[in-house]
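Work the whole structure out from these sequences, hints included.
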Amino acid sequence: MAKKRLTKQQLVVLKTFVFAACLMPFMFIIWETVFNQLGADPIQTLHFRTGDWALRFLFITLSMTPLQRFFHSPIPMRFRRMLGLFAFFYASLHVLVWLVLDQSLSMENMIKDVPQSPYIMVGLLAYFMLIPLAVTSTSGMMRLLGHSWFTLHKMIYPTALLGVLHFFWLTKLDYSEPIIYLSILLVLLGFRAALSRRGSSRRRISIVGLKNVFEKR
Amino acid sequence: MLIKSASLIKENEVTPKKDYDKSRSIMSASRRQFLTQGSALVLATSFSPNTLWAGNKIEHYKKSNSPIKNELTPYELVTSYNNFYEFGTGKGDPAAHAHRLKARPWSVTVDGEVGKPGVYDLEDILKRQQLEERIYRLRCVEAWSMVVPWIGFSLAELIKQMEPTSKANYVEFTTLYDPDQMPGQKRRILKWPYVEGLRMDEAMHPLTLMATGLYGEEMPNQNGAPLRLIVPWKYGFKSIKSIVKIRLVEHQPTTSWNESARHEYGFYANVNPYVSHPRWSQSRERVIGAPLFTPKRKTEMFNGYGEQVASLYNGMNLKRFF
Numbered sequence: 017m018a019k020k021r022l023t024k025q026q027l028v029v030l031k032t033f034v035f036a037a038c039l040m041p042f043m044f045i046i047w048e049t050v051f052n053q054l055g056a057d058p059i060q061t062l063h064f065r066t067g068d069w070a071l072r073f074l075f076i077t078l079s080m081t082p083l084q085r086f087f088h089s090p091i092p093m094r095f096r097r098m099l100g101l102f103a104f105f106y107a108s109l110h111v112l113v114w115l116v117l118d119q120s121l122s123m124e125n126m127i128k129d130v131p132q133s134p135y136i137m138v139g140l141l142a143y144f145m146l147i148p149l150a151v152t153s154t155s156g157m158m159r160l161l162g163h164s165w166f167t168l169h170k171m172i173y174p175t176a177l178l179g180v181l182h183f184f185w186l187t188k189l190d191y192s193e194p195i196i197y198l199s200i201l202l203v204l205l206g207f208r209a210a211l212s213r214r215g216s217s218r219r220r221i222s223i224v225g226l227k228n229v230f231e232k233r
Numbered sequence: 016m017l018i019k020s021a022s023l024i025k026e027n028e029v030t031p032k033k034d035y036d037k038s039r040s041i042m043s044a045s046r047r048q049f050l051t052q053g054s055a056l057v058l059a060t061s062f063s064p065n066t067l068w069a070g071n072k073i074e075h076y077k078k079s080n081s082p083i084k085n086e087l088t089p090y091e092l093v094t095s096y097n098n099f100y101e102f103g104t105g106k107g108d109p110a111a112h113a114h115r116l117k118a119r120p121w122s123v124t125v126d127g128e129v130g131k132p133g134v135y136d137l138e139d140i141l142k143r144q145q146l147e148e149r150i151y152r153l154r155c156v157e158a159w160s161m162v163v164p165w166i167g168f169s170l171a172e173l174i175k176q177m178e179p180t181s182k183a184n185y186v187e188f189t190t191l192y193d194p195d196q197m198p199g200q201k202r203r204i205l206k207w208p209y210v211e212g213l214r215m216d217e218a219m220h221p222l223t224l225m226a227t228g229l230y231g232e233e234m235p236n237q238n239g240a241p242l243r244l245i246v247p248w249k250y251g252f253k254s255i256k257s258i259v260k261i262r263l264v265e266h267q268p269t270t271s272w273n274e275s276a277r278h279e280y281g282f283y284a285n286v287n288p289y290v291s292h293p294r295w296s297q298s299r300e301r302v303i304g305a306p307l308f309t310p311k312r313k314t315e316m317f318n319g320y321g322e323q324v325a326s327l328y329n330g331m332n333l334k335r336f337f
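Protein sequences appear in the order of chains A and B. So the first sequence is numbered by the numbering used here: it starts at 17 and just counts up by one. So the second sequence is numbered by the numbering used here: it starts at 16 and just counts up by one.
Hints in this document: simulated from the structure, not taken from any laboratory. Among these hints, one or two may not hold up.
[Unchecked claim] Once the Cα atoms are required to be at most 20 Å apart in a straight line, the calculated PhoX-like pairs of lysine-lysine come out as:
{"#": "1", "chain 1": "A", "residue 1": "Lys188", "chain 2": "B", "residue 2": "Lys206"}
{"#": "2", "chain 1": "B", "residue 1": "Lys334", "chain 2": "A", "residue 2": "Lys128"}
{"#": "3", "chain 1": "B", "residue 1": "Lys313", "chain 2": "A", "residue 2": "Lys128"}
{"#": "4", "chain 1": "A", "residue 1": "Lys188", "chain 2": "B", "residue 2": "Lys201"}
What follows is the structure, given as structure tokens:
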């Protein structure tokens, strides 16, 4: 295995760069909002922008393991946590847009809307499932939870599926976009299925991954 | 009639007139571009927004004095935010692609249970109608609304001239089918051509409008040129666009959205905040053009036209006949 290692400095530079890149969609959304560029239905536009990016970052996070395998490099794993937290960040913005702009923070509105909208229930469920993953993303938590951390974080798979279901359920007739998202997710999940069929090799990856994380601290 | 109906709708915070004036006069080119094409990165297209929007002025029509005049949704939004799947499913697609539609010359086929079937030139139909402005709130089934100053004539007048037979219980409308002019029809999103229908008493109701223009101009293509239906107390999908055929029929016609998802889009499709869409609530609506932090508007029964139309549905279970 050709292992490319990064120096600590290189890693910091790269991480800063990736962090800035992950913030770009957010900056774009802020720009659109401030300069009144959200179009005729700004609430809907914000819903789609933030929701799209939450799903995209979930998928980018999920593609780190395949990248690691493909390039025989531990580097992608170094970014997995940051990317996952960005998925959580955009999902939080998505929920916030819903709470503040759509529901006007009114409990009465929510009690009326949520039971009538299965896609909102599914979306909220997915968000609630992301919260423990974000909370346990720190190195301290990883150490504390040991192997159960990996079990817990497998929840990202059903969460991503619920996210895509949420997209399907709110769509009116033209399913081309959610179908694209579902296809990408199925490829990413299929990769894992293929790995787990090779049983032991997958276990090795997890352990190598964990070791890598601890090594650098 | 119209003035009475309009007074039912409370004035509210939406789209102050000054904003409407301002946006019409000093809207920048880039904003126009944006509004025309949504966020799509289409910069060079074969049409110029000006040719699309600078429709011919309609000279003679009776102006409306509706009190919701000051709630008008800006022209730029009315003509750039459209559901017209014949041109694509995106809200910006109709404005981007509707220049392909040849709205003149235009003919309308009249048949079924009528005394005077035939193919009529649109100009001949219009010659016999009194054009008037009607300011109506348009409520989409997707839970948004806008207020539009339509110009048109009463469908009842047209139907009377068609001389309905005693078996004419419903009216069936059909949109143009021509995938070259309407590229969205190349995808089988809905079963083309689009078909909508009304019960005869709904069609004969004085609020029901055949619209040929908006904002004092001939109907922009993306809004359903040259002839479209407006039924203000029903969800927008009932208000079929670019009509080429009007048939009076004995039995309830099969309509496009109803056929595509029977449990989601009913034949009646009356605006009703108490009957939710199976997948979302209909109790409130986003007001197109409203500032971002404006709370959503409470949806009114029959979209606020209950006083005039509720009697059409006396004794009907509106949960069942949604």
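Hint check:
1. A:Lys188 to B:Lys206: 15 Å, holds
2. B:Lys334 to A:Lys128: 17 Å, holds
3. B:Lys313 to A:Lys128: 12 Å, holds
4. A:Lys188 to B:Lys201: Holds - the C-alpha atoms of Lys201 (chain B) and Lys188 (chain A) are around 18 Å apart, at most 20 Å.
When held up to the earlier numbered hints, the structure conflicts with none and fits them all.
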